[in-house]
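Quick mapping for you: the protein sequence lines, in order, are chains E and H.
To convert, note that position 122 of the first sequence is 160 in the working numbering; the numbers rise steadily by one, no gaps.
To convert, note that position 423 of the second sequence is 527 in the working numbering; the numbers rise steadily by one, no gaps.
Take the hints with a grain of salt, since some may be wrong.
As a list, the in silico DSS-like pairs of lysine-lysine whose alpha-carbon atoms are at most 30 Å apart [stated by the list, open to error]:
| id | chain 1 | residue 1 | chain 2 | residue 2 |
| --- | --- | --- | --- | --- |
| 1 | H | 378 | E | 108 |
| 2 | E | 348 | H | 502 |
| 3 | H | 502 | H | 378 |
| 4 | E | 108 | E | 211 |
The set of hints was computed from the structure by calculation and includes no laboratory data.
Residue strings, one per chain:
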Amino acid sequence: MTPAPAPRAAPVDRSRLPEPGPARPFTFPTIEKSTLASGLRVWTVPHPGVPLVAFTLLVRRGAATDPPGKEGLAAVTADMLDEGSGDRSAIEMHEALARLGAQFDTDIGSDATVASLTVLTRFAERALALLSDMVARPALREQDFLRVRQLRLHRLTQLRDMPGALADRVFLKLLYGAHPYGHPPIGSEASLTAMTPDDVRAFHAGAIRPSVATLIAAGDCDHGTIVRLAADAFGDWTGSGGDDVRATGVPPAASRLHIVPRPNAPQSELRIGQVSAARDTPDYHALVVANTVLGGQFVSRINLNLREDKGLTYGARTAFEFRRLSGPFVLQAGVQTSGTARAIEESIGEIAGIRGARPVTDAELALGIAALTRGYARNFETADHFGRAALQLALYDLPDDYFAQFVARVERVTIDDVSRVMTRHLDPARLTTLVVGDVDAIGPDLSRLGLGEPIVLAPDTY
Amino acid sequence: MNISFSKHTLANGLDVLLHEDHGCPIVAVNLWYHVGSKNEQPGRTGFAHLFEHLMFEGSQHYDRGYFEPLQGAGATLNGSTNADRTNYWEVVPPGALDLALWMESDRMGYLLPALTEAKFANQRDVVLNERRQNYENRPYGLAPMAILAALFPPDHPYHWTTIGEIADLQAAHLDDVQAFFRRYYRPANASIALAGDINPEDALGLVQRYFENLDPGEPAGPVHVTAALTRDVRIRFEDRVELPRLYVAWLTPAMFAAGDADLDLATDLLANGKMSRLYRRLVFDERIATDVSASQNSREIAGYTQITATAAPGHTLAELEHAILEEIARLAQDGPTDAEIERGRVQAESQFMLRLQTVGGFGGKSDQLNAYNVFLGDPAYFDRDLARYQDVTAASLKEAVARYLDPARRVTLSVVPQGRAALAASGSEPAVVS
Chain E
39 MTPAPAPRAA
49 PVDRSRLPEP
59 GPARPFTFPT
69 IEKSTLASGL
79 RVWTVPHPGV
89 PLVAFTLLVR
99 RGAATDPPGK
109 EGLAAVTADM
119 LDEGSGDRSA
129 IEMHEALARL
139 GAQFDTDIGS
149 DATVASLTVL
159 TRFAERALAL
169 LSDMVARPAL
179 REQDFLRVRQ
189 LRLHRLTQLR
199 DMPGALADRV
209 FLKLLYGAHP
219 YGHPPIGSEA
229 SLTAMTPDDV
239 RAFHAGAIRP
249 SVATLIAAGD
259 CDHGTIVRLA
269 ADAFGDWTGS
279 GGDDVRATGV
289 PPAASRLHIV
299 PRPNAPQSEL
309 RIGQVSAARD
319 TPDYHALVVA
329 NTVLGGQFVS
339 RINLNLREDK
349 GLTYGARTAF
359 EFRRLSGPFV
369 LQAGVQTSGT
379 ARAIEESIGE
389 IAGIRGARPV
399 TDAELALGIA
409 ALTRGYARNF
419 ETADHFGRAA
429 LQLALYDLPD
439 DYFAQFVARV
449 ERVTIDDVSR
459 VMTRHLDPAR
469 LTTLVVGDVD
479 AIGPDLSRLG
489 LGEPIVLAPD
499 TY
Chain H
105 MNISFSKHTL
115 ANGLDVLLHE
125 DHGCPIVAVN
135 LWYHVGSKNE
145 QPGRTGFAHL
155 FEHLMFEGSQ
165 HYDRGYFEPL
175 QGAGATLNGS
185 TNADRTNYWE
195 VVPPGALDLA
205 LWMESDRMGY
215 LLPALTEAKF
225 ANQRDVVLNE
235 RRQNYENRPY
245 GLAPMAILAA
255 LFPPDHPYHW
265 TTIGEIADLQ
275 AAHLDDVQAF
285 FRRYYRPANA
295 SIALAGDINP
305 EDALGLVQRY
315 FENLDPGEPA
325 GPVHVTAALT
335 RDVRIRFEDR
345 VELPRLYVAW
355 LTPAMFAAGD
365 ADLDLATDLL
375 ANGKMSRLYR
385 RLVFDERIAT
395 DVSASQNSRE
405 IAGYTQITAT
415 AAPGHTLAEL
425 EHAILEEIAR
435 LAQDGPTDAE
445 IERGRVQAES
455 QFMLRLQTVG
465 GFGGKSDQLN
475 AYNVFLGDPA
485 YFDRDLARYQ
495 DVTAASLKEA
505 VARYLDPARR
515 VTLSVVPQGR
525 AALAASGSEP
535 AVVS
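So here's chain E without its partners, still in its complex pose:
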């Protein structure tokens, strides 16, 4: 902090903004690592202060591992982990968690299943025992399977009422088709209906295994104790999670403009994007900077254009969704119905512009880099932050000094880098656009965009 002047002394100079002072150095704590005989990796990130421990159990198998025709299997399996273990029923399991005041959650993505449990330090041992019961020894009973599946089928019904969720689902299919990333983790009515309890048991036996798992403890804990407790709790969990999902080709979308009708909708849910880069691309840092300028922050080109200049939306953003295989680049916005065609035109124009016609300026580059680097330390404040950070390293095979190097690597990105990586990883001619909206109101406008006649898709075919 700048030294304070004596109170009531110097008047405030309001002719210009104060210059920010230099950043304080930030050091990511050393991650202590061990591996149990089963192959389970046990990592500890010490972060004392508040008497809490955040446990994160990462299994590098997710929805992309779903067998064809059994889409949704990984998610059902994850959902059933807390449905009881041994003689303990689902209700008894949740009573045990509640007695610890535990925050338990499972999260499923394309590449991973993550179970997380945060507790007061004095409950760490009991929490780890419960976590291992859930992950290594779930009961996977038929009666629970039937209920969990039924609730997921109801959820699918409800998701169709939600324009944003519907757009996400249809858009993945448009981009990826039959690729392992082409279905959402929840699967479909047909695949869920075809699923059996034995499918779940087989998935648990073949994928939810220590060879592909990492247990991360972050917060008020020490490595020796955690390793000892983990060895006790997970000692009988063995086996291999099989092979990683292999990349398959993604056919280009057959057409460029699609609409899912939502009669009388006051807004259109808009998605524009394409299959783009994987997490291990050497262009990662340059893409992060480029996206920050394009649509990754409030003062990005796209949000300033669609929201602050034209008032068409509450917010528009873009992201490269980096994954182990090539992930999607997606622009998303809810735009007022009357401005749908204009928003699409402007969005595609911004994406095309940043690749060449309107390259990133010195000021935009400096702002983007500063936004990513100067406040970097705030990403490492809570036990959960450290747990999630370590998870990134384990999921994407990143080096231990990844966080220490991040700022320097971002600061080295140049304007040429931005143009080069955006040209390499985005192609306006391959962008696919999807609208969930009022086809009667916007159809004629969409036809005039030069993207071909919009293909009308029925919501229940996805």
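Got chain E; can you put chain H on it based on the hints?
Just chain H, lined up with the frame of chain E:
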């Protein structure tokens, strides 16, 4: 356990709260104005929130968007408006504290010279889109409008939602903005908290430097309006949804008032987690609902408890209503078990510890200090707040449920698919929502 702090009040009435935490090299700046949609008038709703948007569009000495210089300095920032208060926050590297205070003080002191019709029109369009996105185009999204309008009488400021009515937003004028700013955006109606990597003495000097020459104004003062329900108000509306949903709501005590913590724990044991009473019965055992939730929504001058459940296909809202009322009656009659009370206590402790982990943003330590200061005049309330939950007994919880969750005085809302009004709970009158 508490949040250590020092409190200072500047000559112009601005409260300053300082909390040191060197765990992470960041500083949270958190500024509360004691104004929300509760201070609006019927026919002029949505104004406090629309005004919040304008606070990011520039002030006299920096007449450009507020995001750019702050994000460029490594800050995250945001603001929010609810019925009772409006808050603005930045989380900055320590070297950018000066910048954040310069900007917060400039918009507190000098917003109006930079305000134009064009900015106003643009942000009104943005807010109308926010309303479309979060309410109109969302399934069941207009339920809050129907529930609040039925719970609170038209002259009560909780009768309307913070996002406001479309017609009111369209009728708003730049003049209104100016009057609103002069009335409410004053040091005497505000409280600023700095938490994190600071030296409190230096930080106080900076706050004094930037804020103490601003004209004081006056505190907004309390709003006194009461609400009472005398019957079961049964309403319905049709929406673009596949599954009917039932909402039951009751008027309950205000934030921090007697009964508030009891009802908070009661709604937890009713619907938080698979072992909770309503989840277990409706979703787990009888499978008549796809989901159920319950919450005690306590606000500054009143609260309401709400239970929400969606009917599973093939089941009716009448079944849900019957089961929900039966479980409430059982809780009112027999009270909670000792295990439920013990669970509630440990969950409260755990929740309070989680809140101590972060200095900034919504719900961080700086926000909590301001909440206690603005609503109670006592930033040291953290441990007494936790004690409210630790002091709940089976008898007090039972008494609160019996007293407030009265089946004869409630709002019962059915949201049903288009053209399927017959699926609503019996005796429901159509509600007008938009």
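How the hints compare with the structure:
Taking the CA atoms of residue 378 of chain H and residue 108 of chain E, the gap is about 26 Å. The hint holds against a cut of 30 Å. Of the pairs offered as hints, the one joining residue 348 of chain E and residue 502 of chain H is violated, with about 54 Å between alpha carbons and a cut-off of 30 Å exceeded. For the proposed pair residue 502 of chain H and residue 378 of chain H, the alpha carbon gap of about 21 Å is at most 30 Å, so the pair holds. A threshold of 30 Å between alpha carbons decides the hint, and for residue 108 of chain E with residue 211 of chain E the separation of about 16 Å falls inside it, so the pair holds.
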